[in-house]
Structures are given as structure tokens and as C-alpha cells.
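Protein chains: 2
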Amino acid sequence: MTNLFENINDINIRKIKRFLRATTITYPKNVNVLSNVNQDDFIAIIDNGSVQFESTDYDGNKSIIETINTGGTFGSLTFPIDNEEISCITKEVTQITYIEYNSITNDEIIKTDSYIIFIKNLIKILSDQVNEKNNRIEILTKKTTRDKILEYFKQQASERGSKSFTIPISFTELANHLSVDRSAMTREISYLKDDGIIKTNGRRITLLY
Amino acid sequence: MTNLFENINDINIRKIKRFLRATTITYPKNVNVLSNVNQDDFIAIIDNGSVQFESTDYDGNKSIIETINTGGTFGSLTFPIDNEEISCITKEVTQITYIEYNSITNDEIIKTDSYIIFIKNLIKILSDQVNEKNNRIEILTKKTTRDKILEYFKQQASERGSKSFTIPISFTELANHLSVDRSAMTREISYLKDDGIIKTNGRRITLLY
DNA sequence: TGTAAAATGTTGCAAATGCAACATTTGTTT
DNA sequence: AAACAAATGTTGCATTTGCAACATTTTACA
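Keeping their order, the protein sequence lines are chains H and E.
Count the first sequence with this note's numbering and you get residues 1 to 209, in order.
Count the second sequence with this note's numbering and you get residues 1 to 209, in order.
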């Protein structure tokens, strides 16, 4: 995953942050971060810690949208922060730096060498996000639970370059990612084993085709 | 939808295109555009016409991923163009301009005034894409067809700022967008009418809650 | 280390949904 | 205007799936 300040040295990071009117806030665990954010478009960088985007249904059902860890980025550019159904909860003590999107046209900063690197990093991050979403959509558009599971496994195998891999999340989280019932997913995974299509050992998966 | 060259005059558009080593190609109808694209990262802008991204399953099932019209943008930054399962088909005579992503650091162009506008447009386009995908995911993660339909209608109502709106696609395409069986969707829509939750008149929908 | 919380595994059952196979209407092209 | 293609509407049926309600194992943490 690309870091917003990748390939920029500390001095220039500080310089850029200054020009972009960056503010850094440290939050305790289990706090809703979005509640004290202003109206302007912003980009948030997690310096340390992690947050989880959660949405709450009209009938109170919570679902986890996304988890973002240290180095990760989120912002009003790519997420409707004024949406009351969505909250962004710190999962631990978390430090976040906010930069104002509008200040990226700041004349002074445009002339600095690090600026173009910064912009390229930003573009890279956004592109990666689109790609990630495309992968998720590719899974979710599959009609059956079986095909969703296999599509996820295929993506993992392709990322790791091997038909054998350990999934990086719990099965509970995986069910959430595929948007299927956990127990139905477990059931389908045993069918896949019965049919000789996969082998499993805990979270280690091997594709047999 | 943002155009990549929005707020840039024709002279500067030509200048930028020159610096970014832009090439323009006109394709006939029903041609796979991705087949003759090189390895470098690129951004494609549809000057005129429309294309459709299609994926073909292992057992030959075609599904439409996305339709992009005049002014729209796509590229290897946000889509794996080397994926053999995915093709990009022109739906009519279509003119496309390609720019090389790596040339956006071109020193000469950085100094031009229009450059920052161009970059901001690009960032805006990418952000919009992430937002669009988020909306789609919000729909697809709903468990029931009914909730998928209602989520789509809610998004439409919110975009138009009215509980009464005309959906911009056919019901066949909508079923595809929600990734549900078309006939099952039609059935569920009549239930929604029976339950007094919506009213319909052709593609015009009114939310009654 | 002990205890609570979270993750995992399993199964019955009702409800939802994909699929197939139609009829009918609307739109497009020559 | 005729002919064809695409979109829409409808229904029966088998299958899949969510849901609930458990038991068991693993992990977190005080």
C-alpha cells in the first residue's frame, strides 16, 4: 500500500504539511472520528493506529465497511462524511493528520520538488482504492456463495502468486467481506472440500485446480 | 461528471496533450479497444462515443461491468487491462485519446498554468470513481433483493433531491447493476408496490415513505 | 492464569431467489 | 410499414441461503 508521503524526506514532509495546513490529532480508543471534522474537503492520514468505518441500518444493524490501518488514508473526497449512518471508530489509540484538499493548489508548494512526488502518491492511492473496490465488486456480483468464495480465493492466489496462501482476515470478517451469512459460508467451504476443489488448514487455503 | 480537461481552454488542452504524449484513435463499432494498448500505464479519455467493459466467465457467461460515455475516463491505473477475461467493446464509432501516465511528471508541463487544473480534474475523477464504487458496494452488500432495490432508489432520490425520479437505465440494466435476476427483481418491485412502499409508472419511481 | 469475549463449527427450517420458459410490449432498422 | 431485436411482465419450481440456536475452540485481557 502506498503511503501519502512515500519517497519524501522528513524535512520536506514537514514543509508540505505546513503548506497544506495539516493538523494532527490523537484520539483515544473507540471514538467516532468523523464527528469533529469540518465541512471542507480533507484527506486524512493515519500516522498510527487504526479505524473502522461502520454503517448502521434503519433498524440498528451494524455492518463493518472497511478497516484502515497505520499509513492508510481516507477522506471526504472518497467518502460522504456527512452521512449520519456512517461512523469511523478508532480501534485503538490513533493519531491522524488531516490536510485540506483545497490547499493542494497553494502556489508556494507547487514549486517545491517534493510536491510532484506527493501528487503522484495521492493519485496512486486513489487508483489503488478504485482497484480494490473493483475487486470487491467482482466478488459481490457473483450470484452464489460458492462463486464468491472462489473469486476471493482466486484474488488472493493471484496477489500472492501461489495456489496456497493464508487468508489475512478471520472467517467471520471474510463472510462480511463477501456479504454472506457466516454459517452458510462455512457450510459451502466444507462442500468445496468435499468436492476436492480446495484444501484447508485453519486459515491456510490451497486451491486444487 | 468531471471532464479531464474541464476549465482548460483549447490551446492549453492541445499543449497539455502534446506534453503528455497523447495519441488519439478512432475505432469502429464493436471493437475490443484493450487489444491494442501498450504496457505503460495510461489514462484514456473518450472524446466521442461509448465503450462497455465486459467480463467473460470460465463457462462463457458474459456480464457487463460498466458503460463509459463521451467525456468519460478509464485506464490501467484503475483497471487491470492485462486481464484476459475483461474486454472493452465500442458500442458505436468511438474516438479515444490516450495519455501516458508517467509523462505527468514531465518538467515542462509542471510549469504551465493549466497543469494544476488538469491534476485537480484527474484527482476529482478518481475520487468520483471511488465514490461511485462505494455506492455500488453499498447496494451489493445488502442481503435481499428488496433492500438492494430500495438502496438504489434511495441513492437516486438523494442524487436528484426528490422522492420522485426517473431511473436513467433500463430495468434489465438495473438488474445487472444490482446483480440480481431480472425476473426476481420485477417480482420484488410489484411486492413493493403492493406494500405501498413505492409507486411506479414505467421508469418513473416515487418513494412513498 | 482465570475468565470473558470472539471465532469457529454444525444443523434444521422457512423464505428468498435464480432459472427456465413463456407472452406481450416497445424500440430499431431498413 | 414490416420485420426483427430488445425490453418487460409473469409464474412454477428446485435450490440456495439467511437465520436462529446451539456446542466447542481459540484469543484477549485484567
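Think of the hints as simulated: they come from the structure by calculation, not from any bench.
Quantities reported herein were computed from a predicted structural model and do not represent experimental measurements.
Treat each hint with caution, since some may be false.
Each pair may be met inside one copy or between any two copies, as identical chains are not told apart.
[Said to hold, decoys possible] Below are the BS3-like pairs computed for lysine-lysine, each with C-alpha atoms no more than 25 Å apart in a straight line: (1) 17 to 124; (2) 15 to 29; (3) 154 to 142; (4) 120 to 17; (5) 29 to 91; (6) 199 to 143; (7) 120 to 15; (8) 142 to 193; (9) 29 to 124; (10) 199 to 15; (11) 143 to 154; (12) 15 to 143; (13) 163 to 120; (14) 154 to 120; (15) 163 to 124.
Going through the hints against the structure:
no.: 1; hint: 17 to 124; verdict: both (19 Å within a copy, 21 Å between copies)
no.: 2; hint: 15 to 29; verdict: neither (30 Å within a copy, 51 Å between copies)
no.: 3; hint: 154 to 142; verdict: both (13 Å within a copy, 23 Å between copies)
no.: 4; hint: 120 to 17; verdict: both (16 Å within a copy, 18 Å between copies)
no.: 5; hint: 29 to 91; verdict: within (6 Å within a copy, 52 Å between copies)
no.: 6; hint: 199 to 143; verdict: within (23 Å within a copy, 28 Å between copies)
no.: 7; hint: 120 to 15; verdict: both (17 Å within a copy, 21 Å between copies)
no.: 8; hint: 142 to 193; verdict: within (20 Å within a copy, 28 Å between copies)
no.: 9; hint: 29 to 124; verdict: neither (30 Å within a copy, 32 Å between copies)
no.: 10; hint: 199 to 15; verdict: neither (52 Å within a copy, 57 Å between copies)
no.: 11; hint: 143 to 154; verdict: both (16 Å within a copy, 23 Å between copies)
no.: 12; hint: 15 to 143; verdict: neither (50 Å within a copy, 47 Å between copies)
no.: 13; hint: 163 to 120; verdict: neither (33 Å within a copy, 41 Å between copies)
no.: 14; hint: 154 to 120; verdict: neither (29 Å within a copy, 35 Å between copies)
no.: 15; hint: 163 to 124; verdict: neither (28 Å within a copy, 37 Å between copies)
In the structure shown, a violation is registered for the earlier hints numbered 2, 9, 10, 12, 13, 14, 15, in ascending order.
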